[in-house]
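Protein chains in written order, with the numbering used here: chain S, 1 to 359; chain E, 1 to 312; chain U, 1 to 266.
These aren't lab readings, by the way, just hints derived from the structure by calculation.
Quick caveat: nothing in here was measured; it's all calculated off a predicted structure.
Do not take every clue at face value.
Below, a list of computed lysine-lysine pairs in the DSSO-like style, where the Cα atoms sit at most 27 Å apart [to be verified]:
1) S/37 - U/171
2) E/253 - E/69
3) U/89 - S/37
4) U/139 - S/35
5) U/171 - E/69
6) E/65 - E/54
7) S/35 - E/54
8) E/122 - U/89
9) E/69 - U/89
10) U/171 - E/54
11) E/54 - S/37
12) E/65 - E/122
13) U/210 - E/54
14) E/271 - E/253
15) S/35 - U/171
16) E/184 - E/65
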Amino acid sequence: MPVHDVGYRAWNGQRIASSWRWWTISARGVALVLKSKWIRRMLLFAWASVIYWAVSFFLFENFIETVRQGIPGQAAMAAMNELEGTPMGMVAEDEVERILARRLEQQIPLLRSSEAQQLAVVLADDDRAHSRRVFWTLMTLTFFRYPQAAMMVFLIGFIAPSLIANDMRSRAFLLYFSRPIRTSDYILGKLGILAAFLIWTITLPALLLYVFGVMLSPNVSVVAVTWDLPLRIVLASVVVIIPTSLLALALSSLTQESRFASFAWFAVWGMGAGAHLAMQGNFLTRMLGSRGMLDGPILPSEDRWAFLSLYECLGGVQRWVFGAEVSNRTVLTSAVVLLGVTILSLLVLNRRIRQAVQT
Amino acid sequence: MEPMIELAGVTKLYRTVLGVNDISLQLHSGAFGLLGPNGSGKTTLINLILGQIKPTLGTVRLFGKSPWKNDRLTRRIGLCPTVEIAYPNVSAKEWVTFLVQMHGFALPAARQAACRALELVKLDHAMDRPIGTYSLGMRQRAKLAQAIAHNPDLLILDEPFNGLDPVGRFEMTEFLRNWVHEGKSLILASHILHEVEAVHPAFLLISGGRLLASGTPQEVRQILADSPSEVVVHCNQAARLASVLCERNLVQKLNILADQQIRIVTPSAAKLFDQLPGICQQHGIVVDQLTSENESLQSLFATLMRIHRGES
Amino acid sequence: MISIQGVQAMLAFELRRAVTLQRMATTIVLILFPPLMLALMVLGPRAFGEEPSRELFPEFPTVFLLGISCILSLLLWATPNVYSEMESKGWAFIACRPKGRTSLLLGKYIAAVVYSYVVCLLSASLCTLVAYWLDGYAKSTSFWLSLNGIFGLACIVYGAIFSLIGVLFQKRGMVFAAGYALLVELILGFVPAVINRITMRYHLQYLAVKWFDVLPEEVIQGMELVYGPIRSNAFHISVILGAAAGVLFVANIVIQRREYVTAEDV
Numbered sequence: 001m002p003v004h005d006v007g008y009r010a011w012n013g014q015r016i017a018s019s020w021r022w023w024t025i026s027a028r029g030v031a032l033v034l035k036s037k038w039i040r041r042m043l044l045f046a047w048a049s050v051i052y053w054a055v056s057f058f059l060f061e062n063f064i065e066t067v068r069q070g071i072p073g074q075a076a077m078a079a080m081n082e083l084e085g086t087p088m089g090m091v092a093e094d095e096v097e098r099i100l101a102r103r104l105e106q107q108i109p110l111l112r113s114s115e116a117q118q119l120a121v122v123l124a125d126d127d128r129a130h131s132r133r134v135f136w137t138l139m140t141l142t143f144f145r146y147p148q149a150a151m152m153v154f155l156i157g158f159i160a161p162s163l164i165a166n167d168m169r170s171r172a173f174l175l176y177f178s179r180p181i182r183t184s185d186y187i188l189g190k191l192g193i194l195a196a197f198l199i200w201t202i203t204l205p206a207l208l209l210y211v212f213g214v215m216l217s218p219n220v221s222v223v224a225v226t227w228d229l230p231l232r233i234v235l236a237s238v239v240v241i242i243p244t245s246l247l248a249l250a251l252s253s254l255t256q257e258s259r260f261a262s263f264a265w266f267a268v269w270g271m272g273a274g275a276h277l278a279m280q281g282n283f284l285t286r287m288l289g290s291r292g293m294l295d296g297p298i299l300p301s302e303d304r305w306a307f308l309s310l311y312e313c314l315g316g317v318q319r320w321v322f323g324a325e326v327s328n329r330t331v332l333t334s335a336v337v338l339l340g341v342t343i344l345s346l347l348v349l350n351r352r353i354r355q356a357v358q359t
Numbered sequence: 001m002e003p004m005i006e007l008a009g010v011t012k013l014y015r016t017v018l019g020v021n022d023i024s025l026q027l028h029s030g031a032f033g034l035l036g037p038n039g040s041g042k043t044t045l046i047n048l049i050l051g052q053i054k055p056t057l058g059t060v061r062l063f064g065k066s067p068w069k070n071d072r073l074t075r076r077i078g079l080c081p082t083v084e085i086a087y088p089n090v091s092a093k094e095w096v097t098f099l100v101q102m103h104g105f106a107l108p109a110a111r112q113a114a115c116r117a118l119e120l121v122k123l124d125h126a127m128d129r130p131i132g133t134y135s136l137g138m139r140q141r142a143k144l145a146q147a148i149a150h151n152p153d154l155l156i157l158d159e160p161f162n163g164l165d166p167v168g169r170f171e172m173t174e175f176l177r178n179w180v181h182e183g184k185s186l187i188l189a190s191h192i193l194h195e196v197e198a199v200h201p202a203f204l205l206i207s208g209g210r211l212l213a214s215g216t217p218q219e220v221r222q223i224l225a226d227s228p229s230e231v232v233v234h235c236n237q238a239a240r241l242a243s244v245l246c247e248r249n250l251v252q253k254l255n256i257l258a259d260q261q262i263r264i265v266t267p268s269a270a271k272l273f274d275q276l277p278g279i280c281q282q283h284g285i286v287v288d289q290l291t292s293e294n295e296s297l298q299s300l301f302a303t304l305m306r307i308h309r310g311e312s
Numbered sequence: 001m002i003s004i005q006g007v008q009a010m011l012a013f014e015l016r017r018a019v020t021l022q023r024m025a026t027t028i029v030l031i032l033f034p035p036l037m038l039a040l041m042v043l044g045p046r047a048f049g050e051e052p053s054r055e056l057f058p059e060f061p062t063v064f065l066l067g068i069s070c071i072l073s074l075l076l077w078a079t080p081n082v083y084s085e086m087e088s089k090g091w092a093f094i095a096c097r098p099k100g101r102t103s104l105l106l107g108k109y110i111a112a113v114v115y116s117y118v119v120c121l122l123s124a125s126l127c128t129l130v131a132y133w134l135d136g137y138a139k140s141t142s143f144w145l146s147l148n149g150i151f152g153l154a155c156i157v158y159g160a161i162f163s164l165i166g167v168l169f170q171k172r173g174m175v176f177a178a179g180y181a182l183l184v185e186l187i188l189g190f191v192p193a194v195i196n197r198i199t200m201r202y203h204l205q206y207l208a209v210k211w212f213d214v215l216p217e218e219v220i221q222g223m224e225l226v227y228g229p230i231r232s233n234a235f236h237i238s239v240i241l242g243a244a245a246g247v248l249f250v251a252n253i254v255i256q257r258r259e260y261v262t263a264e265d266v
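Based on the sequences and whatever the hints tell you, model everything.
Quick look at the structure:
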């Protein structure tokens, strides 16, 4: 009669490779975070802005078609009317640019004055490919800089503060590190949770925006001009994800009370943005601009004070990634700050986790 | 006489989770042991009594009034919840004083009441130390002190024995006995039968959100005795004893563990214990030791569930 | 009804608990941020051989920087009113006291206002000194008094709003409060339409304009065209205090009626 061993049996099946153990932490973490209905709502909301931005692509493509192909579209007609009565040879080039900029601003609500001017210069030169490239870059950059950056701050503010603080509080480290898991696996696992949500919030919507842009263009020739944009989107996402996620995790590891980590996270962004704005001056102009504080040259190519704000540092490097106009000094300063934040956060994380395990 | 606590058809749902299910009871002043396994609905029932949560169905009355949004009633109640205190940088004296002040006591009076309560629970020697430096047992005492400091009529304790060492358990039992002896009311929630039994209360047995039974300790013992239980007997003639017990239909299942040891699963422990002395005398069997291994809450609740299902 | 002793006890206990390394470090950062930035605004351009911007300096940069410190301080103090007790397991002990929930709300609110106002007071004093020492600013006394008035009112009203947010969204109150500060007070506050008048920034901004009295008449008229009319001081102050009282009233109703359930309670 066969006798079956029903006692403890060691696992004889295949084990996940040690280099992939962080994946378990990430996958479980993502599943846990997704239980929150607020997170699910935010993730859905993160995609809403894609539609708004995609409409801008359509409006722009429509604009350059009407203006440049002589189709009597609304914008072209309006520009012609303004110049009516003036012999074309006598119209100064900057006058054409000014009118084009104004029309662009009226047609595409997302375009700022400074961006419309930049675009009008290229359009006035009758370089459609270049103007398309400038516009697509500008729009993708503003998509990254405004709605998705705000989503990123709030989403990480939602998720990250409790990720390590709760483990510290509940001594969950004992559960983690009684398994064959290294500190690096733990950090990578937690980083993976944030990265997954940021990819969902930033990278995928931006890629979808690109796809929408192509679909809403008159022909697929736009792909020839903008083929590298998806690669730049991925690179710009990495620039956002790594320093911000590591910073959020480091803040979470510094306390057992998650509200302090939340506070520190918002303080970093609030104080940084405030300090940068203060150094920009122009309070009166900002207050009385046609759209109040929301208007104005937000993306100067030379930004001496970018290092004060993490947001501006991200912007500096992202502008470089997207090939937008930005000075080398600004990019270098911003990159050094982001690298510093990344290294410092890693050091803090490593130290705090080791300390927690030892006590 | 008006009941101290009255629940009529009370059900509490947390979305799709059932907290308590159609509970009706009337409790007059006295001591009550609220007994049930973990997750049975004890804390929900306490929160309903305190007016911290509103019943989804039914009505709750505390001292004749609805406790929901009527926190004046809490003046007469002292609550020692199951949660841990987590104010690491505050001393027990400061914490208890603060909570007594919340009852409207002026600071000197509150401080005096806090010191008295901490002395009663034997924590006066450490009351100025931050709570973060306390052991689990000391934190439990501090929790008890805040519950009694304002001299309530009804003391509600949720798992008060958690984390206490044997001496601490004994002292807590003594304290609660004295509390009841002074004529004050007590509700003691626990999932461990003998802890509650030591205070001699009437029992409320709750499981799966339902009030399964209530009664005196003797009545509970009787239910236990009538329920199937496992008994291990050490005697000089194990095989003989096994044979006689089988003949008399006192055994559901039987194992001879060794020459002098048998394990019996009996349908009624009371019947077995009743007949065993006679059997031993008749057959010359000498019993050295007799232990009942699962005279526990699980078997009690299993029995009660069977009764509710009409199986016995 | 309110239990005065309960509120007092809560306030004293909350301030006593605040004596921790984390809170002290946070406070120091919040106090020093505005004066340090103000100093940088003067010394920074000078380091590059440029003249610092004199536009509305030091009044408006100070209000702007102190505003950040004030909002952040209230974010830390007022918003986690319920959640901090849930997290530290104190809720069960406090909520079962007579008027315990109201005492918790008001005690924590007053503690948040007092603490944040002290942060603003100290920071405003340092800003005044920085403006005087580094830029020879002459109207120090009126500047300091105006700052105290504006931030006293800001602490009262934003403390109340953040307390309500904390009561409504106890677990993620800080995120919602930060969202409120950004979306309502910053973005809606700068929209040149009627909607900006529902923000507290609208009233505080005009009180600042009147009390500092540094803007030329035509600029004020321009602001009125963009943001809406300036009213009397009494009107703006009444709206701010009325809003604070109203918001606290709503918060009290919510905290009384809501069932705060933790996993341990189920």
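Outcome of the hint check:
This hinted pair checks out: residue 37 of chain S and residue 171 of chain U have alpha carbons roughly 12 Å apart, not beyond 27 Å. Straight-line distance between C-alpha atoms of residue 253 of chain E and residue 69 of chain E comes to about 55 Å, which puts the hinted pair past the 27 Å bound. Taking the CA atoms of residue 89 of chain U and residue 37 of chain S, the gap is near 24 Å; set against the 27 Å cutoff, the hint holds. For the hint linking residue 139 of chain U to residue 35 of chain S, the alpha-carbon distance of about 56 Å lies beyond 27 Å, and the restraint is violated.
Pair hint residue 171 of chain U plus residue 69 of chain E holds up; C-alpha atoms about 23 Å apart against a cutoff of 27 Å. Restraint check for residue 65 of chain E and residue 54 of chain E: satisfied, since their Cα atoms lie roughly 14 Å apart, inside the 27 Å limit. Annotation: proposed proximity of residue 35 of chain S to residue 54 of chain E holds, straight-line Cα distance about 26 Å (limit 27 Å). Taking the CA atoms of residue 122 of chain E and residue 89 of chain U, the gap is near 23 Å; set against the 27 Å cutoff, the hint holds.
At most 27 Å may separate the alpha-carbon atoms for a hinted pair to count; residue 69 of chain E and residue 89 of chain U meet this at roughly 21 Å. Annotation: proposed proximity of residue 171 of chain U to residue 54 of chain E holds, straight-line Cα distance about 21 Å (limit 27 Å). Between the alpha carbons of residue 54 of chain E and residue 37 of chain S the distance comes to roughly 24 Å, so the proposed pair stays at or under 27 Å and holds. Between residue 65 of chain E and residue 122 of chain E, the direct Cα distance comes to roughly 35 Å. Violation of the 27 Å bound is thereby established for this hinted pair.
The hinted pair formed by residue 210 of chain U and residue 54 of chain E fails the criterion: a straight-line CA distance of about 50 Å is larger than 27 Å. Restraint check for residue 271 of chain E and residue 253 of chain E: the C-alpha separation of about 15 Å stays at or below 27 Å, so the hint holds. Using a Cα cut-off of 27 Å, the hinted pair residue 35 of chain S and residue 171 of chain U holds, with the two alpha carbons roughly 14 Å apart. Simply put, residue 184 of chain E and residue 65 of chain E have alpha-carbon atoms about 19 Å apart, close enough for the 27 Å limit, and the pair holds.
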